[in-house]
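*Asks:* Protein chains in written order, with numbering that gives the first Met the number 0: chain A, 0 to 281; chain B, 0 to 281; chain C, 0 to 313; chain D, 0 to 313.
Since the hints were derived computationally from the structure, they do not count as laboratory data.
We put the CB at the ideal spot given by N, CA and C, even for glycine.
Hints are supplied without guarantee of correctness; some may be wrong.
Per label pair, the in silico range of CB-to-CB distance [said to hold, decoys possible]:
no.	chain 1	residue 1	chain 2	residue 2	range
1	B	Gly109	C	Thr294	43 to 51 Å
2	B	His67	C	Gln298	48 to 56 Å
3	B	Pro114	A	Ala91	28 to 36 Å
4	B	Ala91	D	Glu283	19 to 27 Å
5	C	Asp78	D	Gly292	50 to 58 Å
6	B	Ala216	D	Gly292	49 to 57 Å
7	A	Thr151	B	Ala91	36 to 44 Å
8	A	Met159	C	Gln298	34 to 42 Å
9	B	Glu278	D	Ala297	38 to 46 Å
10	D	Gly292	A	Pro277	52 to 60 Å
11	C	Asp78	B	Ser247	55 to 63 Å
12	D	Ser90	A	Gly109	46 to 54 Å
13	B	Asp271	C	Met205	22 to 30 Å
14	C	Glu283	A	Gly152	52 to 60 Å
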Amino acid sequence: MTNINKSSERLIATVVSNKRVGQYHQILLNVGQMVNGCKPGNFVAIKVGGDNAKMILRRAFAISRVSHSGPYGGSMELIVAPFGQGSKWLCAQIEGATIDLIAPLGTAFGIPTEPVRALLVGGGYGSAPLFGLAEVLKNRGCRVDMYLGASTGGKIYAPMEGKRSVNVLKIYTEDGSMGERGRVTEPIPGLIADGLVDVIYSCGPMPMLRAISHIVAGSDVVHQCAVEESMACGVGICMTCVLPVADSEGNVSMKRSCIDGPVMDGSQVMWDLVGKIPEAHA
Amino acid sequence: MTNINKSSERLIATVVSNKRVGQYHQILLNVGQMVNGCKPGNFVAIKVGGDNAKMILRRAFAISRVSHSGPYGGSMELIVAPFGQGSKWLCAQIEGATIDLIAPLGTAFGIPTEPVRALLVGGGYGSAPLFGLAEVLKNRGCRVDMYLGASTGGKIYAPMEGKRSVNVLKIYTEDGSMGERGRVTEPIPGLIADGLVDVIYSCGPMPMLRAISHIVAGSDVVHQCAVEESMACGVGICMTCVLPVADSEGNVSMKRSCIDGPVMDGSQVMWDLVGKIPEAHA
Amino acid sequence: MIDLSTTIGNAWFPSPLFTASGCASSGKELAQFIDLREIGAVVTKSVMSKPRHGRPTPRMAETPSGMVNSIGLQGPGIDAFLSHDLPWLVSQKARVIVSIAGETIEEYSTLARKLRSAPGISAVEVNISCPNVENRGLVFACDPDASRRVIDGVRKTLGGELPIIAKLSPDVTDLVSIAKGVVDAGADGLALINTVLSMVINLDTMRPHLGGKTGGLSGPAIRPIAVRAIYQVHEALPHIPILGMGGVASGRDALELILAGAKGISVGTASFGDPAAIITIQNELIELLSVRGFTSVAQAVGFAHRPVEESENS
Amino acid sequence: MIDLSTTIGNAWFPSPLFTASGCASSGKELAQFIDLREIGAVVTKSVMSKPRHGRPTPRMAETPSGMVNSIGLQGPGIDAFLSHDLPWLVSQKARVIVSIAGETIEEYSTLARKLRSAPGISAVEVNISCPNVENRGLVFACDPDASRRVIDGVRKTLGGELPIIAKLSPDVTDLVSIAKGVVDAGADGLALINTVLSMVINLDTMRPHLGGKTGGLSGPAIRPIAVRAIYQVHEALPHIPILGMGGVASGRDALELILAGAKGISVGTASFGDPAAIITIQNELIELLSVRGFTSVAQAVGFAHRPVEESENS
Ligand SMILES: Cc1cc2nc3c(=O)[nH]c(=O)nc-3n(C[C@H](O)[C@H](O)[C@H](O)COP(=O)(O)OP(=O)(O)OC[C@H]3O[C@@H](n4cnc5c(N)ncnc54)[C@H](O)[C@@H]3O)c2cc1C
Ligand SMILES: Cc1cc2nc3c(=O)[nH]c(=O)nc-3n(C[C@H](O)[C@H](O)[C@H](O)COP(=O)(O)OP(=O)(O)OC[C@H]3O[C@@H](n4cnc5c(N)ncnc54)[C@H](O)[C@@H]3O)c2cc1C
Ligand SMILES: Cc1cc2nc3c(=O)[nH]c(=O)nc-3n(C[C@H](O)[C@H](O)[C@H](O)COP(=O)(O)O)c2cc1C
Ligand SMILES: Cc1cc2nc3c(=O)[nH]c(=O)nc-3n(C[C@H](O)[C@H](O)[C@H](O)COP(=O)(O)O)c2cc1C
Ligand code: FES
Ligand code: FES
Numbered sequence: 000m001t002n003i004n005k006s007s008e009r010l011i012a013t014v015v016s017n018k019r020v021g022q023y024h025q026i027l028l029n030v031g032q033m034v035n036g037c038k039p040g041n042f043v044a045i046k047v048g049g050d051n052a053k054m055i056l057r058r059a060f061a062i063s064r065v066s067h068s069g070p071y072g073g074s075m076e077l078i079v080a081p082f083g084q085g086s087k088w089l090c091a092q093i094e095g096a097t098i099d100l101i102a103p104l105g106t107a108f109g110i111p112t113e114p115v116r117a118l119l120v121g122g123g124y125g126s127a128p129l130f131g132l133a134e135v136l137k138n139r140g141c142r143v144d145m146y147l148g149a150s151t152g153g154k155i156y157a158p159m160e161g162k163r164s165v166n167v168l169k170i171y172t173e174d175g176s177m178g179e180r181g182r183v184t185e186p187i188p189g190l191i192a193d194g195l196v197d198v199i200y201s202c203g204p205m206p207m208l209r210a211i212s213h214i215v216a217g218s219d220v221v222h223q224c225a226v227e228e229s230m231a232c233g234v235g236i237c238m239t240c241v242l243p244v245a246d247s248e249g250n251v252s253m254k255r256s257c258i259d260g261p262v263m264d265g266s267q268v269m270w271d272l273v274g275k276i277p278e279a280h281a
Numbered sequence: 000m001t002n003i004n005k006s007s008e009r010l011i012a013t014v015v016s017n018k019r020v021g022q023y024h025q026i027l028l029n030v031g032q033m034v035n036g037c038k039p040g041n042f043v044a045i046k047v048g049g050d051n052a053k054m055i056l057r058r059a060f061a062i063s064r065v066s067h068s069g070p071y072g073g074s075m076e077l078i079v080a081p082f083g084q085g086s087k088w089l090c091a092q093i094e095g096a097t098i099d100l101i102a103p104l105g106t107a108f109g110i111p112t113e114p115v116r117a118l119l120v121g122g123g124y125g126s127a128p129l130f131g132l133a134e135v136l137k138n139r140g141c142r143v144d145m146y147l148g149a150s151t152g153g154k155i156y157a158p159m160e161g162k163r164s165v166n167v168l169k170i171y172t173e174d175g176s177m178g179e180r181g182r183v184t185e186p187i188p189g190l191i192a193d194g195l196v197d198v199i200y201s202c203g204p205m206p207m208l209r210a211i212s213h214i215v216a217g218s219d220v221v222h223q224c225a226v227e228e229s230m231a232c233g234v235g236i237c238m239t240c241v242l243p244v245a246d247s248e249g250n251v252s253m254k255r256s257c258i259d260g261p262v263m264d265g266s267q268v269m270w271d272l273v274g275k276i277p278e279a280h281a
Numbered sequence: 000m001i002d003l004s005t006t007i008g009n010a011w012f013p014s015p016l017f018t019a020s021g022c023a024s025s026g027k028e029l030a031q032f033i034d035l036r037e038i039g040a041v042v043t044k045s046v047m048s049k050p051r052h053g054r055p056t057p058r059m060a061e062t063p064s065g066m067v068n069s070i071g072l073q074g075p076g077i078d079a080f081l082s083h084d085l086p087w088l089v090s091q092k093a094r095v096i097v098s099i100a101g102e103t104i105e106e107y108s109t110l111a112r113k114l115r116s117a118p119g120i121s122a123v124e125v126n127i128s129c130p131n132v133e134n135r136g137l138v139f140a141c142d143p144d145a146s147r148r149v150i151d152g153v154r155k156t157l158g159g160e161l162p163i164i165a166k167l168s169p170d171v172t173d174l175v176s177i178a179k180g181v182v183d184a185g186a187d188g189l190a191l192i193n194t195v196l197s198m199v200i201n202l203d204t205m206r207p208h209l210g211g212k213t214g215g216l217s218g219p220a221i222r223p224i225a226v227r228a229i230y231q232v233h234e235a236l237p238h239i240p241i242l243g244m245g246g247v248a249s250g251r252d253a254l255e256l257i258l259a260g261a262k263g264i265s266v267g268t269a270s271f272g273d274p275a276a277i278i279t280i281q282n283e284l285i286e287l288l289s290v291r292g293f294t295s296v297a298q299a300v301g302f303a304h305r306p307v308e309e310s311e312n313s
Numbered sequence: 000m001i002d003l004s005t006t007i008g009n010a011w012f013p014s015p016l017f018t019a020s021g022c023a024s025s026g027k028e029l030a031q032f033i034d035l036r037e038i039g040a041v042v043t044k045s046v047m048s049k050p051r052h053g054r055p056t057p058r059m060a061e062t063p064s065g066m067v068n069s070i071g072l073q074g075p076g077i078d079a080f081l082s083h084d085l086p087w088l089v090s091q092k093a094r095v096i097v098s099i100a101g102e103t104i105e106e107y108s109t110l111a112r113k114l115r116s117a118p119g120i121s122a123v124e125v126n127i128s129c130p131n132v133e134n135r136g137l138v139f140a141c142d143p144d145a146s147r148r149v150i151d152g153v154r155k156t157l158g159g160e161l162p163i164i165a166k167l168s169p170d171v172t173d174l175v176s177i178a179k180g181v182v183d184a185g186a187d188g189l190a191l192i193n194t195v196l197s198m199v200i201n202l203d204t205m206r207p208h209l210g211g212k213t214g215g216l217s218g219p220a221i222r223p224i225a226v227r228a229i230y231q232v233h234e235a236l237p238h239i240p241i242l243g244m245g246g247v248a249s250g251r252d253a254l255e256l257i258l259a260g261a262k263g264i265s266v267g268t269a270s271f272g273d274p275a276a277i278i279t280i281q282n283e284l285i286e287l288l289s290v291r292g293f294t295s296v297a298q299a300v301g302f303a304h305r306p307v308e309e310s311e312n313s
């Protein structure tokens, strides 16, 4: 056997609740034992549109966090932006609806064995998995700062409860409608220069991940980012979700972000080649 | 302008109720003023599967009857057999759901100006429009007998209220599970021989309509039947729903059952040519 | 305000939205649902020399996001068409593109001759996706030489008056060379695409479902094939107007085909699901164009072919 | 009990359900969801001589009941395939059909030579839907002569040991003649159909969405095209085994292709929506066959072609 997709399974889950939070929907799904295999960074692939749908591919969503004991047993939370027809369908599902999902999928954020100073950077709904991650890091004795950014306040996802595990939470919006005006990446060079960060965990739009990678380049800061590429299968069989990644010897290959990601080492992703193809193999 | 599809319109109707009756669903839709244009024999074309459906064509259903004044204004009743994915979807719609429909469509049963002895023959859900028709005929002073047939009792649709307008109601099932065992067409030759029938109105499977046409052939009995052909558009623009019909001079042409039907003169339908094509045009 | 007008050859249309041949019958049936003057033109069902019964039923099967039909060109024949259907459309002030179909090269020319003197026609669409009885039933549109000869005959008969739109089939290895051939032979525009040859087996009878066995696939399922066909042909023949069609069911679909290179859009199967679809699509298209800063349809035609700018490349 | 077994050339398979090339990667990824021994065979992603990065992203766009992909044959190359992927599949006791792809006729033969001595292979699928670099990038499968020469080269290199399945493209005017050509050149079976050439325009960038511009349409949208292709080819070449594919997502779809003439069914895009789809389809197929009174898959192959009985005709 292999380790790929290990402990992934398909499940028909029930919607426990669906609340609007800013411009997102916070959707809680009853998934039972499945929570035991879910780690921060993993994602779920959801069938959308119902039985007669013309949509044939699953949609990927980060697992925001899981709860092992709830009134309904294990549950999983998703933060969903109503974007196109699939995510809108999901956001329209009410309590009691059933959802066909496959999880947990993909790689998880690496958890340091020592207490480190961690900076968690989230863009838009990218903050979703960071709160679960913060909890784990906090339990390991890490110092956890979280910087969240978005174009506008309605796109900042930062639940009250989530803040418990975080030492500092800063919010940046481009229109200044919440927190400070500006980009979430702007303060990072200063933090690094001041030696306040050992590891950056990031999740959000690709340009944000790319910018962070460029910022940490040359420093000792480790950068683990959760990438987001268009996925047809989510389980490694279609090769649509690839991006160029260098191995330790500098050989570049097109890695699948669904099984070799979504969490990747930011320093190995060849950001300038994303959407292009590397030089032909020798 | 033209008379084709006259008074047809598209409407988003609300489901007032949806009850299981035997193997059918009795679905009541709130359609407001539209009822004024609906006559027995007309049908409705319904969009199925919801917004993201892979089903692109409407489904046709006979208008079972309309009520002008209800608690919700005008309403329309359909009797639907859950057959394939479209009709199953419709049967699954609950009170309050909205339905995209176009109605009234097609020809209606011709109503005699004099009181006649009318025999209404229904097969399966084909009885649906006959109860509304019976009411109209009764009000014109006609004697109305109704014979309903199906393979089994669960497929007989004969609502209590409907029986008011009917002088005699007889039921035939092939398995004998309800009414008399046998086919609904069996007693008809006797009735005709005894001179008890002036007009037969029929609605049901094509073989039943064909059998009745053969029975009345040579007699003076008028046969108005509501045919059922597979329809892509329901409004006369696709030419999928045709069947061979002779005009008074005996010229056969392929008539559209959606606009030249569904109610047709049974003596003009070339039953032996259905599913074939007539000789080439001279 | 968006300038919706478009031209094909010397014909001018106030809107780029047309019915698709065979999907609006003669126009009468739609008049209850839409005002025929509001659309670019009614493209009539392909008419042949003689009246025709068409293929046996069943004539259609629904498939995922599509349908397969085998109508077989049922129709009244050109004479009845010219004496009944056309005058009615003209009386309604609808613009009309007449689609013609034949079984021989001669039949197409005969049809063209009859159209020549008929008033009120904006253009002729030549449906060459018909079996050529003179050549083993090989579909004209699948044979570069026969395609060319059909258009050549129609051109010669029509003279320069009416624009000719050659309607091509996607069921060919090299669409661009067929397109070039018919343009050389005198076509002013191209209609892309006709239906895709398909089949459905009925699982009850366990035989082909359609009376005509094979049929043509249409509807949203084929839209990506239509986009590719239009893009390829517009790339090769950027100055030839294309009437695009294949699965257009919304303004976004219409815009996709226009960006690929279509100057006009025919709406076919979508009208079966909603007889007023063409008007909805037109309104959605106006909205989508204006959001993108276009002030005319013409600006958007083939826009997907524009060279990549340096800034995008980085 | 239904006898599910099927054969292609001298290869025997316990089930007619196969993965589709490029839709199961190397097999490892699916092993969490299905037992690879339960299906007919794993058809591997087409492998080329050298490792390849494939096409730039985006590589896919969803379309109504379908998707368009342009992966561009990303893969590790034949040597890595033979030293890693194949031994793993063999260790799992999975039956394996290796799909090969090349840019020159010579490359196909080279690949065949390497497969010849590799243990554990049931058959070779030759994906000829690749651009021929020696002939203006014209896809082999669209060129009758090049198709034949590829198969001829592979046949000569392989000798008689391994069955050869030639995988054809539907994007041709005359599929039957291409099929006949490759059978004459030594193909034991045919795989029908590869994806349909398509394009999607992105309405935000207003350019072709895929990095590779055009791509291949797959999924339920193309099923009616696949059924037609299989039916046509089975009619012309009733004794040649066909591995059918194109939009199969349920047991009913698999049965439809089998009735049209397929001896085996590859499940591609449906596995993206559900990695265990192939097992569900297999179970549904068993049920549908038995309801219809079949005791084996073999009885149903091409059943839609049986002559019409008198009783049906009346
Ligand atoms: C690993 C991963 C985690 C994600 N986590 C979240 C999350 O927590 N919350 C959230 O709201 N969204 C998340 N997304 C993005 C989400 O998958 C897309 O917004 C969604 O698939 C859009 O589907 P649609 O039908 O609404 O849009 P459409 O545009 O109709 O989708 C068409 C196709 O494009 C793909 N697609 C469209 N947008 C994206 C995108 N941004 N990324 C990847 N594929 C896309 C779809 O999956 C689908 O196959 C995540 C994506 C990935 C890959
Ligand atoms: C004028 C008319 C009146 C009808 N009245 C009723 C009624 O009162 N109650 C009722 O239950 N059914 C009625 N039917 C039949 C009903 O339209 C079909 O059962 C229904 O369309 C099946 O759709 P589906 O999606 O469930 O089946 P599917 O088999 O999935 O349908 C696929 C396609 O085939 C067509 N089709 C399938 N079966 C039939 C059929 N028997 N007749 C016509 N088209 C068919 C569908 O419309 C659809 O386009 C009527 C049909 C017509 C033409
Ligand atoms: C029922 C039906 C009948 C058609 N009849 C014709 C025809 O007579 N002549 C013609 O050129 N095309 C005919 N077509 C093809 C359409 O005009 C159009 O090219 C094709 O359906 C693709 O567009 P759509 O997906 O919008 O329907 C027909 C299509 C359908 C569905
Ligand atoms: C993402 C993707 C990758 C594919 N890669 C290959 C390939 O490498 N070789 C090949 O012969 N066919 C390839 N195909 C075609 C499939 O094997 C199959 O012929 C086609 O997708 C139709 O089947 P489906 O509708 O079940 O997917 C690919 C298809 C998809 C969707
Ligand atoms: S999404 Fe299919 S391989 Fe990653
Ligand atoms: S259903 Fe389209 S013409 Fe009758």
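*Asks:* Tell me, in ascending order, the numbers of any earlier hints that this structure violates.
*Replies:* Hint check: 1, 3, 6, 8, 11, 12, 14 fail, others pass.
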